[in-house]
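Asks: Keeping the supplied structure of chain A fixed, place chain B upon it in accordance with the hints.
Residue numbers (numbering that gives the first Met the number 0), protein chains in the order written: chain A, 0 to 98; chain B, 0 to 263.
Keep in mind that the hints are not guaranteed to be accurate.
Stated by the list, open to error - Label-pair restraints from in silico Cβ distances:
id : chain 1 : residue 1 : chain 2 : residue 2 : range
1  : B       : Pro3      : A       : Asp45     : 54 to 62 Å
2  : B       : Gly128    : A       : Glu77     : 51 to 59 Å
3  : B       : Pro255    : A       : Pro95     : 54 to 62 Å
Stated by the list, open to error - Now the stretches of chain A that chain B is said to cover, found in silico as 3 or more residues with beta-carbon under 8 Å:
id : segment
4  : 14-26
5  : 31-45
Simulated from the structure, these hints should not be mistaken for laboratory data.
Beta carbons are placed, not taken as given, at the ideal position from N, Cα and C, and that holds for glycine.
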Amino acid sequence: MGSPVNRYIARSPDVAARRIGGELMIMSGRDSSLFSLNETAAALWDAADGTTPLAGIVEREICPRFDVEPAEALADAEALASELASHGILVFSEAPIPR
Amino acid sequence: MNAPFDTCVRVGGVGVGLSTSSDAFAGILAKRFAGFMEPAGEADYLFDVEVVEARDDASDEDVRVWREEGLWRIERGDFRAVLDPRTRRGRIRQHANPYSVDSLLRIVHTIALADEGGFLLHAASVVRGGRAQVFTGASGAGKTTLSRLAPPDTHVLTDEISYLRREDTGYVAYGTPFSGELGVPGANVSAPLAAIHLLAQGPENRVEDVAPAAAARAILGNVLFFAEDAMLVRRVFAAVLDAVERVPVRCLTFVPDESVWEVL
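Next comes chain A alone, as it looks inside the complex (with noise of 0.2 Å):
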């Protein structure tokens, strides 16, 4: 068995983002689609920097906050993602992303 690819997220440049009433909102400016993150995609949204590894942002801001498993942790934040980016908030990537 390999080792585990390293996956990396970074927050688009082509979306508005603001906190408002303690909600994280998001707005595509692909398609003016608009989205609100629940408390762990605004975890995930905050930390993705593009340049620290996915896995090292559950390990760090996910598990302990959240009380959950690593590999389980993980594997839903892919999963999310992967589901933000499809819709363009954020860049999901297996190399670091330059700003």
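Replies: Same frame as chain A, now just chain B:
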């Protein structure tokens, strides 16, 4: 060839100049935008308008608004326009149809207003006691009904498209010529914005506060917005959220009769 007819349609303090050699089109402008017209020399934006032969089904096509090589391009079956945002000059090719120029002006204002922290909203708005109240909702929510029920001491700014902009003293609502079922232009006056109401019809009249995120979602869903352009999306998004943070947003549940004005 006829002498050009030059005029300026000023809405919300932004004047859009229109120059045409078509007498028929000049007549359409005079009727459609009565109360909002002034001499063309005062315009902030200036368009040369070429009137072309109409197709019956053309206004059913979807509108497209995008930026290409620094120019805004606005197209629907019944019109085609180009605007250079640097010079604020452009060209319009459209049918001699009041709905075409009305739609085009709405779009031009969405672009112009985004630069100034404002937005157009699918909403009725009125001025009463020197303060503006805005009522937003989808078609059928009651915008025109509320406008028709407005007391005699009220100025109806519009029953369809509200014009909201941020100024030094706060948010201001302006009258617009953009009408809905009421079919008449709004009063060309403005007033400080007191509140935005999300419309719901129900068995009694009541007003309830709305949480900021829910307010932002509802208002963003009713903002008039056409452009496929990330920069403009960011500006409109910021303008709406700024407004939600500064202006009270309430849910107005109402019975469609005059008694609704007692709770406002």
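Asks: Would you list, in rising numerical order, the hints stated earlier that this structure does not obey?
Replies: none
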